[in-house]
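*Asks:* Based on the provided sequences and hints, a complete structural model is requested.
Protein chains in written order, with the numbering used here: chain A, 14 to 393; chain B, 14 to 393.
Any given hint could be a false lead.
Unchecked claim - For lysine-lysine, the following DSBU-like pairs were computed, each having C-alpha atoms within a straight-line distance of at most 30 Å:
| no. | chain 1 | residue 1 | chain 2 | residue 2 |
| --- | --- | --- | --- | --- |
| 1 | B | K371 | B | K148 |
| 2 | B | K148 | A | K23 |
| 3 | B | K179 | A | K148 |
| 4 | A | K179 | B | K23 |
| 5 | A | K23 | A | K148 |
| 6 | B | K179 | A | K23 |
| 7 | A | K265 | B | K32 |
| 8 | A | K148 | B | K265 |
| 9 | B | K35 | A | K265 |
| 10 | A | K68 | B | K35 |
| 11 | B | K148 | A | K148 |
| 12 | B | K371 | A | K148 |
| 13 | A | K265 | B | K148 |
| 14 | A | K35 | B | K265 |
| 15 | B | K23 | A | K23 |
| 16 | B | K68 | A | K68 |
| 17 | A | K33 | B | K265 |
These are calculated hints, taken from the structure and not from any lab test.
2 protein chains.
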Amino acid sequence: MTIERAERLKHFSEYYFSKKLKEIRQLIAAGKPVINLGIGSPDQQPPQQVIATLKSGVDAADAHGYQPYQGIAALHAAVHGFCQRYYHVDTSALQVLPLMGSKEGITHISLAYLNPGDQVLVPSLGYPTYTSVTKMVGGEPVYYPLQENQNWEPDWEWLDRLDTSKVKIMWINYPHMPTGTVASSGCMERLVAFARARGLLLCHDNPYSLVLNDTPQSIFSVAGAEEVCIELNSLSKAFNMAGWRVGWLMGKPELVAPVLQIKSNMDSGMFKPIQQAAVQALQLSEEWFAQLNAVYRKRRGLACAIMEALGCTYETDQAGMFVWGKVPSGTGEELSDRLLYEHDVFVTPGFIFGTQGKAYIRISLCSTEEVLQEVMSRIA
Amino acid sequence: MTIERAERLKHFSEYYFSKKLKEIRQLIAAGKPVINLGIGSPDQQPPQQVIATLKSGVDAADAHGYQPYQGIAALHAAVHGFCQRYYHVDTSALQVLPLMGSKEGITHISLAYLNPGDQVLVPSLGYPTYTSVTKMVGGEPVYYPLQENQNWEPDWEWLDRLDTSKVKIMWINYPHMPTGTVASSGCMERLVAFARARGLLLCHDNPYSLVLNDTPQSIFSVAGAEEVCIELNSLSKAFNMAGWRVGWLMGKPELVAPVLQIKSNMDSGMFKPIQQAAVQALQLSEEWFAQLNAVYRKRRGLACAIMEALGCTYETDQAGMFVWGKVPSGTGEELSDRLLYEHDVFVTPGFIFGTQGKAYIRISLCSTEEVLQEVMSRIA
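*Replies:* In structure tokens:
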């Protein structure tokens with residue numbers, strides 16, 4: 014007897030990393046000393062105060078019951094304070110909705126706003142989840158090209174010409190993954206103006222703002238952005254808490270309400286001690302980021318040296334936890350496979366972020382200097 | 014400028030409790046001493062060893078990164094051991110997928126198996142989320158009546174006559190919420206036979222099995238069930254861990270694979286210290302449940318006395334964390350509103366579980382004996 018899976022599953026495969034990590038585990042089980050420079054899971058520890066807060070939080074008698082979907086007031090206040098301190102923007106009129114990471118928010122937003130057949134503007138290159146979730150809810154991804162020779166910003170002429178009558182959502186993500194690009198001055202303003210002119214929901218996915226980035230920015234810095242924007246953020250990368258599953262969504266109450274409606278039918282509120290730990294993290298001083306980025310800066314230097322040794326071209330000032338580089342010849346997938354099978358090193362092939370990424374590879378900075386040096390010695 | 018929400022949101026409202034709890038918070042803020050006997054959020058503490066395991070787990074250096082979607086091996090083993098000890102069934106050939114509670118699993122399963130227009134058999138009475146999630150993914154709920162005078166089991170003749178050519182999923186839930194009914198001998202077998210004969214995916218939602226129930230049962234106790242069944246389970250009620258968001262889904266690998274495919278595109282693996290804490294809980298001795306149920310048994314006695322005082326009719330041996338009763342006249346909603354506005358006591362009106370529930374109310378056992386006695390004195 015066969016019970017057929019839904020049609021939507023035929024449009025996308027198991028998340029690439031899910032399958033690739035399985036293969037890597039099998040190689041390691043078979044005795045291969047594989048070094049994984051693929052996925053961006055921070056190897057460093059969360060702040061000690063954050064761990065301590067979780068531990069004391071779980072001792073409270075009121076820690077264990079269902080929590081309101083909207084999250085605790087202290088978390089709302091901490092998020093607004095964080096946005097003020099690091100993005101220099103007053104978000105107090107906006108609503109904060111705790112999420113299990115920004116990835117979960119992509120599904121919630123898509124379910125809240127997309128009807129079957131609606132189009133979604135997805136950056137190419139970009140995070141594959143925008144595509145898979147759009148297809149999962151019956152929407153149609155429309156890829157808008159980012160221009161390699163223009164700081165990986167949108168092709169504005171292409172966008173101007175685009176018929177957006179069926180477009181409902183536009184995804185943006187700066188600092189941009191996988192290219193590590195920080196949006197230039199005016200880029201965000203132009204995106205907000207485009208979304209307002211076309212009546213689109215502009216969703217800014219902003220989890221990398223505090224990593225190797227001297228100019229952290231919220232979309233809400235742009236005047237009038239709150240009319241059409243939702244922003245996703247996460248503690249995963251900024252505080253080495255990827256496994257904790259904590260992030261948030263922010264927007265004006267009218268735009269958040271449909272997402273809350275979806276969420277309240279899908280799951281329950283977030284574990285209170287994790288919310289309390291998140292409050293602690295968001296209140297840390299800038300010293301935390303100075304230390305975090307000192308480590309990533311050294312690693313970025315080594316990752317650039319690996320790119321150099323592989324004959325790749327790359328920018329030295331990339332933001333986020335990766336270095337993105339163009340291979341000297343052939344495809345990134347060929348180089349990735351060669352590194353995996355000949356040198357026991359996995360780097361992410363660029364094609365998984367879009368066809369424009371075919372000639373690229375991406376190196377994660379989530380390994381120690383010693384590990385990155387070991388990679389250097391293997392490929393030298 | 015207005016950005017339209019998705020059509021699917023017009024088919025269901027914000028989860029009833031989300032709105033009602035907001036009203037109750039407002040009443041309390043206005044000085045009303047409201048006692049909430051509505052939602053089933055355990056007020057007792059999780060096992061101390063479970064809290065201790067979370068605290069030591071979070072000290073490990075490898076606790077903080079992304080986790081595999083499939084969960085840690087120790088959790089799989091603990092779930093299989095739990096099923097053997099309490100349900101007397103060998104589930105070792107089945108796959109375990111950790112979930113943030115069984116509620117989340119309803120969405121994952123629905124996305125994995127339903128195409129727009131597919132029908133879903135939903136118990137009436139039943140948990141409202143089966144309906145809202147079915148509609149959310151474009152499916153059509155078909156309500157199969159449970160018979161009040163037949164132990165709230167399905168109307169088998171009605172099912173036999175039903176054209177199931179468009180039905181893909183059938184939801185079942187015993188011990189049944191909201192009626193507290195334990196399935197009689199043969200009921201599960203008949204359900205599995207029906208699902209096999211009609212080629213349906215039979216999804217058993219089983220979070221109440223260990224609460225005030227002398228005969229805990231898994232659907233996999235039924236021979237051949239693994240061909241067509243998925244079972245959801247949760248630590249929320251069994252271990253007073255509702256806020257922790259931990260449960261699991263179980264089924265043969267071919268039936269779990271589509272759910273994993275959805276999940277890997279929607280979120281990430283579960284926080285490792287919470288998985289470790291769950292392992293600790295699942296390995297507890299039967300003494301835990303003896304203590305837990307001693308407390309609930311006393312409270313059930315008091316809830317029955319409240320039902321008596323309200324002139325309701327009810328069964329005294331209900332399983333789960335609620336007592337369900339039929340109001341003497343009028344509707345459950347009228348009685349619920351009268352209790353809230355005249356006596357500052359909230360009980361759940363039965364209509365939210367289906368039209369057959371109109372004449373009922375439900376009292377939660379998640380308050381202390383003192384609180385239940387205070388309710389008695391208020392309504393006396």
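*Asks:* Now, for every hint given, state plainly whether the structure supports it.
*Replies:* Against the structure, the hints:
{"no.": "1", "hint": "B:K371 to B:K148", "in the structure": "holds, 22 Å"}
{"no.": "2", "hint": "B:K148 to A:K23", "in the structure": "holds, 21 Å"}
{"no.": "3", "hint": "B:K179 to A:K148", "in the structure": "holds, 23 Å"}
{"no.": "4", "hint": "A:K179 to B:K23", "in the structure": "holds, 20 Å"}
{"no.": "5", "hint": "A:K23 to A:K148", "in the structure": "holds, 10 Å"}
{"no.": "6", "hint": "B:K179 to A:K23", "in the structure": "holds, 20 Å"}
{"no.": "7", "hint": "A:K265 to B:K32", "in the structure": "holds, 19 Å"}
{"no.": "8", "hint": "A:K148 to B:K265", "in the structure": "holds, 26 Å"}
{"no.": "9", "hint": "B:K35 to A:K265", "in the structure": "holds, 19 Å"}
{"no.": "10", "hint": "A:K68 to B:K35", "in the structure": "holds, 29 Å"}
{"no.": "11", "hint": "B:K148 to A:K148", "in the structure": "holds, 18 Å"}
{"no.": "12", "hint": "B:K371 to A:K148", "in the structure": "violated, 39 Å"}
{"no.": "13", "hint": "A:K265 to B:K148", "in the structure": "holds, 26 Å"}
{"no.": "14", "hint": "A:K35 to B:K265", "in the structure": "holds, 19 Å"}
{"no.": "15", "hint": "B:K23 to A:K23", "in the structure": "holds, 28 Å"}
{"no.": "16", "hint": "B:K68 to A:K68", "in the structure": "holds, 5 Å"}
{"no.": "17", "hint": "A:K33 to B:K265", "in the structure": "holds, 23 Å"}
Consistency with the previously given hints fails for number 12 only.
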